[in-house]
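Protein sequence lines, in the order shown, are assigned to chains A and B.
Going by our numbering, the first residue of the first sequence is number 1, and it counts up by one from there.
Going by our numbering, the first residue of the second sequence is number 1, and it counts up by one from there.
If you're looking for bench data, these hints aren't it; they were derived computationally from the structure.
Take the hints with a grain of salt, since some may be wrong.
Facing chain A, according to a computed beta carbon distance under 8 Å, are these residues of chain B, among others [to be verified]:
hint, residue
1, 3
2, 17
3, 43
4, 61
5, 65
Note that this is a predicted model, so its numbers are computed, not measured.
Using N, Cα and C, we set each Cβ at its ideal position, and we do this for glycine too.
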Amino acid sequence: MARAVAARQRASTRVTTTTAVVGVASVLAAGAVALALPGSSSSAAPSPAKSGSSSSSGTGGTSTGSGSSGSSGSTGSSGSSGSSSSGSSGSSSSDSGSSSSSGLSGPSSGPAASSGSGHATSGGS
Amino acid sequence: MGGITAGTLPWYISRATGVVALVLLTAVMVIGILVNRQGRLPGLPRFAVTNLHRNLSLMAVVFIVIHVVTAVLDGYVRIPLVSGVVPFTSGYERFWLGIGAVSLDLMLALIVTSLIRGRLSHRVWKAVHWLAYASWPVAFAHSIGSSADLQGGPLLWLAVLCAAALAAALAWRLVTAARQVPRAQRVSAVLTAASERRLEKADRR
Chain A
1 MARAVAARQR ASTRVTTTTA VVGVASVLAA GAVALALPGS SSSAAPSPAK
51 SGSSSSSGTG GTSTGSGSSG SSGSTGSSGS SGSSSSGSSG SSSSDSGSSS
101 SSGLSGPSSG PAASSGSGHA TSGGS
Chain B
1 MGGITAGTLP WYISRATGVV ALVLLTAVMV IGILVNRQGR LPGLPRFAVT
51 NLHRNLSLMA VVFIVIHVVT AVLDGYVRIP LVSGVVPFTS GYERFWLGIG
101 AVSLDLMLAL IVTSLIRGRL SHRVWKAVHW LAYASWPVAF AHSIGSSADL
151 QGGPLLWLAV LCAAALAAAL AWRLVTAARQ VPRAQRVSAV LTAASERRLE
201 KADRR
């Protein structure tokens, strides 16, 4: 009887430990995924796209050459969020070479990019 | 880290927690299928597997809540908080966010009915619990459709792995269910087996 109780307690402890381990692993995994997501680690800030308007998109556009990898997705969105003709034209004209890569990574960077473009098309038009 | 700023932090948290929530949901589904078919995990008795299933379910819901709240907090796309619960009310990505809300509602129904399981009849609880089979594919479609993150690269493979794990668990469940003797015939099957054993013993003597 005592053995059964001890076995049950051991199993409960294992469940608690497993839950804690999975919880910590999930949080760590979320952090790793966040850092690995397109645009998270590059120097060209994708974020200004969201908060910052045309001015930030301008900087994004200029730095696109270096950060054409991930941030370009949000750069695209920044251009769109800016919705100002200068921001979009700047990125399109000067970055036409690199804009192909930004266009590729744009969709891969997630819904934000798509949302951004959505806003951009509505705003731009 | 340069890409993640205070302004974009909710956006990245939302995407990352969405990915982790999908993995956790898959684990919950697989363990739930194992538990239902008397399956066991190594080193854990059945009651412990049930507890683990419950704990992981609650953990998945926590990640989903963070996923929704951070998506709402993100200032770039305006997603009203109500759209996290009420389907098809978001102006942005109405369909994909709508099915995400449907999935969340189904999960909430599962969690709530499980928490008050003692007050419900087993039949009602089980009927609601069948919704889990609808909740996962809806959540999966939401993940793939609403986020381009899972449409390519390593995260796509992660999504494929999740789907494969669930498909394997489902196949195992169907096979074991097919092999199992129907409930109505169990008593007669046990009696027949017992009588056969007796006859074998008698023959040996």
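Can you name, in rising order, the numbers of the hints this structure does not satisfy?
4 and 5
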